[in-house]
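**Student:** The primary structure of each chain is shown beneath.
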Amino acid sequence: MGRVPADRAEAVFEDFKAAYSLQQAIAESERCLYCYDAPCIQACPTTIDIPTFIRKIATGNVKGSAKTIFDSNILGMSCARVCPVEVLCVGDCVYNREDSPPIQIGKLQRFATDAAFEAGWRFYEAGADTGKKVACIGGGPASLAAAHRLRMYGHSVTIFEKRDVLGGLNTTGVAPYKMRADRSEDEVDWVLGIGGIEVRLGVSVPGDVSWAELESEFDAIFLGFGLGPDKFVGGEEGLSNVHGAVDFIEQFKLGAVDLSDVKRALVLGGGNTAIDAVRELRGLGVSDVRMVYRGSEAAMAGYQHEWKAAKVEGVRGVWHTSPVSYEVDEGRATGVRCVLTDESKKKVPGSEHVIDADLVLVAIGQAKIGELVAGLDGVQVEWGCVVTDASGATGRKGVYCGGDCRNGGKEVVNAAAEGRDSAEAIHAYLMGGQ
Amino acid sequence: MGVDLTSNTAGIISPNPFWLASAPPANSGAQVMRAFDAGWGGAVWKTLGTPIQNVSSRFGAIKWKGNAGVGFNNIELITDRPLDVNFREIAEVKKRYPKHAVIVSLMVETRDEWREIIKRSEDAGADGLELNFGCPHGMCERGMGSAVGQEPAVNERITSWAKEFATVPVLVKLTPNVGDIVPHGLAAQRGGADGVSLINTIKSIIGIDLDTLVPQPTVGPKSTNGGYCGAAVRPIALHMVAALARDPRFNVPISGIGGVTNWRDALEFILLGSSSVQVCTEVMLRGYRIVEDMIEGLETWMEEKGFQSLDQVVGKSVPAYSEWGDLDLNYEIVAKIDANTCIGCNRCMVACHDGAHQCIHPNPNGIQPIVDEDECVGCNLCQIVCPVPDCIQMVKVDNGYTPATWNDHVNDGAALRPKKGAH
Ligand SMILES: Cc1cc2nc3c(=O)[nH]c(=O)nc-3n(C[C@H](O)[C@H](O)[C@H](O)COP(=O)(O)OP(=O)(O)OC[C@H]3O[C@@H](n4cnc5c(N)ncnc54)[C@H](O)[C@@H]3O)c2cc1C
Ligand SMILES: Cc1cc2nc3c(=O)[nH]c(=O)nc-3n(C[C@H](O)[C@H](O)[C@H](O)COP(=O)(O)O)c2cc1C
Ligand code: SF4
Numbered sequence: 001m002g003r004v005p006a007d008r009a010e011a012v013f014e015d016f017k018a019a020y021s022l023q024q025a026i027a028e029s030e031r032c033l034y035c036y037d038a039p040c041i042q043a044c045p046t047t048i049d050i051p052t053f054i055r056k057i058a059t060g061n062v063k064g065s066a067k068t069i070f071d072s073n074i075l076g077m078s079c080a081r082v083c084p085v086e087v088l089c090v091g092d093c094v095y096n097r098e099d100s101p102p103i104q105i106g107k108l109q110r111f112a113t114d115a116a117f118e119a120g121w122r123f124y125e126a127g128a129d130t131g132k133k134v135a136c137i138g139g140g141p142a143s144l145a146a147a148h149r150l151r152m153y154g155h156s157v158t159i160f161e162k163r164d165v166l167g168g169l170n171t172t173g174v175a176p177y178k179m180r181a182d183r184s185e186d187e188v189d190w191v192l193g194i195g196g197i198e199v200r201l202g203v204s205v206p207g208d209v210s211w212a213e214l215e216s217e218f219d220a221i222f223l224g225f226g227l228g229p230d231k232f233v234g235g236e237e238g239l240s241n242v243h244g245a246v247d248f249i250e251q252f253k254l255g256a257v258d259l260s261d262v263k264r265a266l267v268l269g270g271g272n273t274a275i276d277a278v279r280e281l282r283g284l285g286v287s288d289v290r291m292v293y294r295g296s297e298a299a300m301a302g303y304q305h306e307w308k309a310a311k312v313e314g315v316r317g318v319w320h321t322s323p324v325s326y327e328v329d330e331g332r333a334t335g336v337r338c339v340l341t342d343e344s345k346k347k348v349p350g351s352e353h354v355i356d357a358d359l360v361l362v363a364i365g366q367a368k369i370g371e372l373v374a375g376l377d378g379v380q381v382e383w384g385c386v387v388t389d390a391s392g393a394t395g396r397k398g399v400y401c402g403g404d405c406r407n408g409g410k411e412v413v414n415a416a417a418e419g420r421d422s423a424e425a426i427h428a429y430l431m432g433g434q
Numbered sequence: 001m002g003v004d005l006t007s008n009t010a011g012i013i014s015p016n017p018f019w020l021a022s023a024p025p026a027n028s029g030a031q032v033m034r035a036f037d038a039g040w041g042g043a044v045w046k047t048l049g050t051p052i053q054n055v056s057s058r059f060g061a062i063k064w065k066g067n068a069g070v071g072f073n074n075i076e077l078i079t080d081r082p083l084d085v086n087f088r089e090i091a092e093v094k095k096r097y098p099k100h101a102v103i104v105s106l107m108v109e110t111r112d113e114w115r116e117i118i119k120r121s122e123d124a125g126a127d128g129l130e131l132n133f134g135c136p137h138g139m140c141e142r143g144m145g146s147a148v149g150q151e152p153a154v155n156e157r158i159t160s161w162a163k164e165f166a167t168v169p170v171l172v173k174l175t176p177n178v179g180d181i182v183p184h185g186l187a188a189q190r191g192g193a194d195g196v197s198l199i200n201t202i203k204s205i206i207g208i209d210l211d212t213l214v215p216q217p218t219v220g221p222k223s224t225n226g227g228y229c230g231a232a233v234r235p236i237a238l239h240m241v242a243a244l245a246r247d248p249r250f251n252v253p254i255s256g257i258g259g260v261t262n263w264r265d266a267l268e269f270i271l272l273g274s275s276s277v278q279v280c281t282e283v284m285l286r287g288y289r290i291v292e293d294m295i296e297g298l299e300t301w302m303e304e305k306g307f308q309s310l311d312q313v314v315g316k317s318v319p320a321y322s323e324w325g326d327l328d329l330n331y332e333i334v335a336k337i338d339a340n341t342c343i344g345c346n347r348c349m350v351a352c353h354d355g356a357h358q359c360i361h362p363n364p365n366g367i368q369p370i371v372d373e374d375e376c377v378g379c380n381l382c383q384i385v386c387p388v389p390d391c392i393q394m395v396k397v398d399n400g401y402t403p404a405t406w407n408d409h410v411n412d413g414a415a416l417r418p419k420k421g422a423h
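Which chain is which? The protein sequence lines are A and B, in order. To convert, note that position 105 of the first sequence is 105 in this note's numbering; the numbers rise steadily by one, no gaps. To convert, note that position 198 of the second sequence is 198 in this note's numbering; the numbers rise steadily by one, no gaps.
A hint or two may mislead.
Stated by the list, open to error - If you want a taste of the chain A side facing chain B, the calculated C-beta under 8 Å gives, among others: (1) ALA18; (2) GLN24; (3) TYR34; (4) CYS35; (5) LYS56; (6) GLY60; (7) LEU214; (8) SER287; (9) ARG290.
I should point out that these hints are in silico values taken from the structure, not numbers from a laboratory. Bear in mind the structure is a predicted one, so any value in this text is a computation, not a measurement. Where is the CB? At the ideal position from N, CA and C, for every residue including glycine.
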């Protein structure tokens, strides 16, 4: 598919967690206790049979190990790199309970899935043609997982993606020290390798193709369009050096950015996108990078393990501080006017002050765009998220949904699980009469 | 794909060569059915005979790097469940799993008892019988088990009784508690056995409780010798299987047992002549679920090597197992350390210095030790202790001598290369 350019700014980043060598992988896999009914499996949203895939590395059956992973999670390669394993599988390893270092499940998963990509092992074939057609809206992890499972059952699948790259935020958003965009594209190719998935890039739904057109051409629809654009504080319009963080991340992941004049950068927010952004700015060479958050260090929404790593890289936090407006000079922000906040994040009167900056990234969340489905009667939207039952079915027959646009913004692995399970539900729906 | 794992051991057919050995994992119908669901191709039922009374505790284990059970020992006897119950469950399993192999292990004393128990086993639907001539504790004191397996004449006589009464294939399970396994395999063959299984457990004392001074497993203030099994016994079992497989007089199929923990171990038994492979200890320690990897690993290996069916693999390594006197004394290799991957632990150096021929020396210019190739005898101790895969390679030296074995040398005066490191 459309390969991302080679000269991307993100290319300067090395892997934060290095790949295992063979001997490291074997040593770590032999340390695994091969627990029964293991808690790590329950902690994985796609419930990969972790003890089994690890034992297979230890016995030298790396091919079987990769298959065990992909059987549950076709995006197992990217998940191995981008999953916050510290709060998922690794966080639940039984070794934690006796204060021993937990098994490095993510690194082992990367070892097995990288080996599969390297060797070109293919495990899945499309099922016999059912004559049924499914449209997947969005080309991110949720749709890719759904599309692959649907092809295993023999349904024909078309992905509608408004960008000219596939992979969703896995390609355009995740931190390059976890995974760079070209690796996400390798995964897209791997998923599409099952054959028979048609991809329409640069097509926005319902702008370019209406819901009515889709419903007349397809037997079922899967919604996987993710979240919308960055939210803003207010007053950013026309300021050339203030950007939405997700937007800025996409720019340097897919192309070049010039930060040569930037000495002091501020990132507004305290979630994981904010932490990614400060680490990324440091990695791109900005010397003074500060994260401005209205709560305390302990209360931030971002993962503590990520913030710890950011601090090690030389980033600073500005706590109990909330942005209100920008100091502007000739179309550029020169600083952010802030107020202090108290323990309950309320503004402290008379505490206004300005923090100077020559680049500001706003990372206070992404808009939810459930209103996209306004033309689909019966599909409910709450707080901007599409409402479904546990299987992924919306209130309208034949319409299913998964990923960020349903869960409000979780992780790649949640999108993979919801996409896969929705495909199961779609399959049951399509074959119901037979 | 397209690899056929179907196994045929003396006419006992199973969808793959992996069987549960006669032991606790094959103690009851519910267990065996769960095992078949997990993927096991066959099961040798826990030995039936006159039900016994067991002691507690029953097991002991050797721990190695925190991993309990590298070596395992038991003082358990044959089944303690009523025979009717066992036979009812065997029939039930066979009804529900007609394609899987159920082999019934038997141990009784008199000719009449053998007739009776064989009839009942066959009535229950047994695909084969395994005569337990191997149990090294408790039963042998009652004149059964290894007491039979250690006496070729008794072995042959009882085997011939069983063959007289049986219509399904009969395997004789041999005991490793003998000096040379071959006469015992041949005795079973003379008795008419359709095949043999080996090994049963090895007489052992697994350890002593250093506080109470009572050996393990402790039964109150006492213990007794038990049967040793698990990963640690595999080399002994492999040798016994191979000794029979390569003996020209021995020509019945073998079911290999002893220390199998994964597909690689199982494959070694198959390569040395086993048509099926039985597992006890590893299942006791980790459960039936290990079989998925065993099937997949074996299939993948066969695909990679271009084998389509199991019989193409059975015994493939037997021809390469020769007598010492037929090894080429002029074949010369030396150790080479890869300076790029060496991590400088110096384990090769201390091993060679203290345990071999003092030819690995410190490197004045770096962390990687240097091999004095003129002195290296090519023993490969350094390669064994090196923690980095492929860092130490044993490389062939062209010394100009034509191959010559000890037998060639003694019989025909073939020239031998000068000895190395023998000063
Ligand atoms: C900066 C950032 C870093 C992140 N880092 C991590 C991480 O390290 N680990 C992790 O697990 N998760 C991370 N996440 C979250 C993760 O990326 C998402 O949860 C996941 O990508 C959701 O997948 P999805 O398929 O639901 O949506 P997306 O990945 O957003 O994919 C949706 C796709 O739909 C397309 N689309 C949108 N609207 C339309 C339309 N109208 N018509 C057609 N196509 C449309 C979009 O272009 C996009 O390609 C991160 C998120 C962000 C923002
Ligand atoms: C607890 C225990 C009970 C056993 N009981 C029997 C038995 O009843 N009959 C028998 O033939 N072998 C019995 N064995 C021996 C096993 O079948 C097998 O031959 C031996 O353990 C070697 O295989 P392993 O290394 O895979 O355990 C027993 C072994 C153990 C550990
Ligand atoms: S393994 Fe089961 S039967 Fe044996 S001692 Fe423990 S609880 Fe009791």
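**Student:** Confirm or reject each hint.
**Tutor:** Hint check results:
Interface hint at A/ALA18: violated, since its Cβ lies 16 Å from the closest Cβ of chain B, which is beyond the 8 Å cut-off. With a least beta-carbon distance of about 10 Å to chain B, the hint placing A/GLN24 at the interface is violated under the 8 Å criterion. Of the supplied interface hints, the one on A/TYR34 holds, with its beta-carbon coming within about 6 Å of a beta-carbon of chain B, less than 8 Å. At a threshold of 8 Å, the smallest CB-CB gap from A/CYS35 to chain B is about 10 Å, leaving the interface hint violated.
Checking A/LYS56 against chain B by beta carbon gives a least distance of about 5 Å; that is within 8 Å, so the hint holds. Against a cut-off of 8 Å between C-beta atoms, the interface hint on A/GLY60 holds, since the closest Cβ of chain B lies about 6 Å away. Residue-level restraint check for A/LEU214 is violated (minimum Cβ-Cβ distance to chain B is 38 Å; threshold 8 Å). Contact between A/SER287 and chain B, as hinted, is not supported at the beta carbon level, the nearest pair being about 36 Å apart and thus beyond 8 Å.
A cut of 8 Å between beta carbons decides the hint on A/ARG290: the least distance to chain B is about 41 Å, and the hint is violated.
This entry does not satisfy hints 1, 2, 4, 7, 8 and 9, going by the numbered hints stated previously.
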